[in-house]
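Going line by line, the protein sequences match chains A and B. Reading the first sequence from the start, the letters are residues 177 to 494 in my numbering. Reading the second sequence from the start, the letters are residues 2 to 552 in my numbering.
No lab work stands behind these hints: they were computed from the structure. Take these hints with a grain of salt, some might be off.
[Unchecked claim] Label pairs and their calculated CB-CB ranges:
1. A/F220 x B/R108: 58 to 64 Å
2. B/G74 x A/L411: 55 to 61 Å
3. B/D408 x A/V305: 34 to 40 Å
4. A/R395 x B/A427: 44 to 50 Å
5. B/Q435 x A/I246: 46 to 52 Å
6. A/L339 x B/R108: 50 to 56 Å
No residue lacks a Cβ here, since even glycine has one placed at the ideal position from N, Cα and C.
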Amino acid sequence: MSNTNPSASTPSGSAAEANARVIDGTRLVRDRRLNNVKKNWSLFRSDIAAMLGAIVLVFFILIAIFAPLIAPASMLDVTQQLDVPRYAPPSLAHPLGTDDLGRELWVRILWGARVSILVGVAATVMSMVIGTVMGLAAGHFSGLFGAVVMRIIDFFIVLPSLLLAIVLSSVLERGVFTIVVAIGLTSWASTARIVRSQTLSVESRLYIERARILGAGHRHILFKHMLPAVMPLVLANTTLTVGSAIIAESTLSFLGLGDTSKESWGTILKNSMDISAATSGYWWYVLTPGIAIVLVVLAFTMVGRALEAIINPALRNR
Amino acid sequence: MTELSFANVSITYRSASTRGDVTAVSDISLDLPTGATLGIAGESGSGKSTLIMSALRLLPKSTTIDGQVRLGGKDIRDLSFGEIRAVRWAQASIVFQGALHSLNPVREVGGQIIEALEHHAKDAWMTPAKRRDRMFELLEEVDLDQSKAVSYPHELSGGQKQRIMIAMALACEPDIIIADEPTTALDVIVQKQILEGMARLVGERGISLLMISHDLAVLSAVCENLAIMRHGKLVEYGPSDQVCLAPEEDYTKQLANAFPQIGDAESRMNPRTLKPAEVRRAQPYEMTDEVVLEAKNLSVSFDTRQGRERAVRGVDLALHKAEILAVVGQSGSGKTTLARSLLGLQEVDAGSQLDFAGTALPRKAKALRAFRRQVQMILQDPSGSLNPKRSVYEAVVEGLRVQKITDDEYARVIGALEAAELTPAADYLESIPQELSGGQRQRVVIAGALALDPQVLIADEPVASLDASVRGEILSLFLALKKNLGMSALIITHDLGLAWNIADTVAVMKKGEIVEYGDVDTVLSDPQHAYTQELLAAVPRLGSQSLVNNG
Numbered sequence: 177m178s179n180t181n182p183s184a185s186t187p188s189g190s191a192a193e194a195n196a197r198v199i200d201g202t203r204l205v206r207d208r209r210l211n212n213v214k215k216n217w218s219l220f221r222s223d224i225a226a227m228l229g230a231i232v233l234v235f236f237i238l239i240a241i242f243a244p245l246i247a248p249a250s251m252l253d254v255t256q257q258l259d260v261p262r263y264a265p266p267s268l269a270h271p272l273g274t275d276d277l278g279r280e281l282w283v284r285i286l287w288g289a290r291v292s293i294l295v296g297v298a299a300t301v302m303s304m305v306i307g308t309v310m311g312l313a314a315g316h317f318s319g320l321f322g323a324v325v326m327r328i329i330d331f332f333i334v335l336p337s338l339l340l341a342i343v344l345s346s347v348l349e350r351g352v353f354t355i356v357v358a359i360g361l362t363s364w365a366s367t368a369r370i371v372r373s374q375t376l377s378v379e380s381r382l383y384i385e386r387a388r389i390l391g392a393g394h395r396h397i398l399f400k401h402m403l404p405a406v407m408p409l410v411l412a413n414t415t416l417t418v419g420s421a422i423i424a425e426s427t428l429s430f431l432g433l434g435d436t437s438k439e440s441w442g443t444i445l446k447n448s449m450d451i452s453a454a455t456s457g458y459w460w461y462v463l464t465p466g467i468a469i470v471l472v473v474l475a476f477t478m479v480g481r482a483l484e485a486i487i488n489p490a491l492r493n494r
Numbered sequence: 002m003t004e005l006s007f008a009n010v011s012i013t014y015r016s017a018s019t020r021g022d023v024t025a026v027s028d029i030s031l032d033l034p035t036g037a038t039l040g041i042a043g044e045s046g047s048g049k050s051t052l053i054m055s056a057l058r059l060l061p062k063s064t065t066i067d068g069q070v071r072l073g074g075k076d077i078r079d080l081s082f083g084e085i086r087a088v089r090w091a092q093a094s095i096v097f098q099g100a101l102h103s104l105n106p107v108r109e110v111g112g113q114i115i116e117a118l119e120h121h122a123k124d125a126w127m128t129p130a131k132r133r134d135r136m137f138e139l140l141e142e143v144d145l146d147q148s149k150a151v152s153y154p155h156e157l158s159g160g161q162k163q164r165i166m167i168a169m170a171l172a173c174e175p176d177i178i179i180a181d182e183p184t185t186a187l188d189v190i191v192q193k194q195i196l197e198g199m200a201r202l203v204g205e206r207g208i209s210l211l212m213i214s215h216d217l218a219v220l221s222a223v224c225e226n227l228a229i230m231r232h233g234k235l236v237e238y239g240p241s242d243q244v245c246l247a248p249e250e251d252y253t254k255q256l257a258n259a260f261p262q263i264g265d266a267e268s269r270m271n272p273r274t275l276k277p278a279e280v281r282r283a284q285p286y287e288m289t290d291e292v293v294l295e296a297k298n299l300s301v302s303f304d305t306r307q308g309r310e311r312a313v314r315g316v317d318l319a320l321h322k323a324e325i326l327a328v329v330g331q332s333g334s335g336k337t338t339l340a341r342s343l344l345g346l347q348e349v350d351a352g353s354q355l356d357f358a359g360t361a362l363p364r365k366a367k368a369l370r371a372f373r374r375q376v377q378m379i380l381q382d383p384s385g386s387l388n389p390k391r392s393v394y395e396a397v398v399e400g401l402r403v404q405k406i407t408d409d410e411y412a413r414v415i416g417a418l419e420a421a422e423l424t425p426a427a428d429y430l431e432s433i434p435q436e437l438s439g440g441q442r443q444r445v446v447i448a449g450a451l452a453l454d455p456q457v458l459i460a461d462e463p464v465a466s467l468d469a470s471v472r473g474e475i476l477s478l479f480l481a482l483k484k485n486l487g488m489s490a491l492i493i494t495h496d497l498g499l500a501w502n503i504a505d506t507v508a509v510m511k512k513g514e515i516v517e518y519g520d521v522d523t524v525l526s527d528p529q530h531a532y533t534q535e536l537l538a539a540v541p542r543l544g545s546q547s548l549v550n551n552g
């Protein structure tokens, strides 16, 4: 009996060891990825422009989130601003001046940031998802299916996107969601093209052939090799696209196609034009929303460029 | 005339990275008198390319050169930019390593030859018409038809492109030609033609030739003197025959031995290496009669612009258990297509029959996946076969995940890496491909295939891109896999020496057909078909300057 005990415990011991090792294998992979993220983060931090951009972004996102706490919605209610002077230039009492209805511009910027940034980010996410899926499909599948997908992409590239967005937002019901759909549906085509060209180049690599030899199907190749290969490109492209989506949102609101019940930077610009603020000397009315748009778009671009340089080291020092 | 001399040359790359300054060449003195031929041999990273680039001041600005590089008695550092431009091509020209990448893909090759003539216009080719004549003359000298002048690089074969490069190098009647691995990417027959051509031109015109290669046999076929470099230092220098046949230094011996001598009984089934793979079984597996993979009347055709082209024509092939079969042929002979169709990666023509273990090759995706577990392939270039972003562990485990083998994942990966002689396996798991050497990468690729416990391994030029010393290691690994695991292997190669080193049987392929097929000893010692004889004759042998004397 004393002999069987150790021999019985040995296999179970080695099984436990093997179990611990199984975890080891996947943990090794996770650790390596974590290290990569850390390395990239330190590269990002050493880029002053990117850090400035990130700080500006964090600032605008924070004020957008906490707008109701900083400036209660009642401050936008025209009926409660009767004692506030109209068209007051920036001063200590009115930091960014007031508008034609006596509302503080800084409050409007605060609330406008919510819609502008939300629409910018949501429309970009939509455009990136469509663009990545279509680009991968067009690049990976050859033959009729790939050709059809490619023609669809071409169709959206040649459409004047602003015109399509205007048509969409005037046909659909007014609202923030409509604006997101209008911008998202019109801006994905260029992403799809970029993703497709990257997919085509990765597709011809030997390690894809090797994966096929190992027995891999479309799903494995698309999700384990293609998606990771195009993801960095898509991420960098995302930050750059957010900027143009914010501008598109402002454009649509400026043209009066946005949700008129909600504040947005484009709406402020439209209001200022309605009362000819620029020619009447109310410069703060025009400049404040304009500068806010420029700051956020610039910040997204600076962050995007830094991400691009991290993915593609050849771009550094250019 | 011009002579080239290096006197105590040391070359350092300044680098801001963590590696610090790298000394690529240290204290080299070599002379190349007028009309002489000198070969520099060494493995990758030995500094041989850096050394010859210094002769024309072609190194990047981040390098410092100590010592003197003299061209025609003048220190090249004293030359002004205008003077060095005049020297480049007119006095000394270079045949670069990759002809594919050194030619402009969007210009006709004739125009590219004329370009060099325009930059160094001399009396003989002052006018455009004369330059054109000179270009045709050059094409003739390198045995190319005049009609090729209007071809674009992609329309030419590797050998033809290399000839264009040589024509360009000859264009301005230089005194020195520097050739950087001129034949590395070419198969033996084309290699022989190129080497013969270069040897003839050098002999006829009294041009000096400085040639570098990792292949001692190639150098010894053309050069009078040989220099062996290692880690930037000169190891041995002397007349070609002496260095090759009676080397004094251990390193030279190792290099000379790394090349198989076909017919040499000692290297039969015994690739020379300092690190032979271990044979663990008391009674190693031997080739049996049991057929594993069989092809009957196999044909493959492609649609090309010129019409339907038959890449493989009616091939009959049988791979037995624990057999190593070498398929030998020139590039374009259909070897790779044959391998891909054996794996079911390539559509075959009607009437072809492919059997694995007695049953026909499946065509449905699911059955093919199961089949791939049994038959694995190793691709030509180990660096390209690994996803640069994924670690060794992920690369090896990929096959297991695809085949949904979930038990003992870690143990299987370690086992596969150890079977591929990458030990201790645990140390390599986290490395990514760029941190590994070429030989290590190839081992990882092999481990990835072994993880699935296949019965058959198909390898496409498994050692073509590796250094000589690594070549022996990988070949001995294939031999050990056969002996330890009873694995069958089909190895595709243009190198007859490889067949002599490890294969049981050999099939010689020409234009899609197998012209000779049989036991290695029989076929290589007593070739029957004229093409096999031609292939054998083209293999360069150490010493004797064979090509120069014959040519």
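Going through the hints against the structure:
| no. | hint | result |
| --- | --- | --- |
| 1 | A/F220 x B/R108: 58 to 64 Å | violated, 42 Å |
| 2 | B/G74 x A/L411: 55 to 61 Å | holds, 59 Å |
| 3 | B/D408 x A/V305: 34 to 40 Å | holds, 36 Å |
| 4 | A/R395 x B/A427: 44 to 50 Å | violated, 31 Å |
| 5 | B/Q435 x A/I246: 46 to 52 Å | holds, 50 Å |
| 6 | A/L339 x B/R108: 50 to 56 Å | violated, 43 Å |
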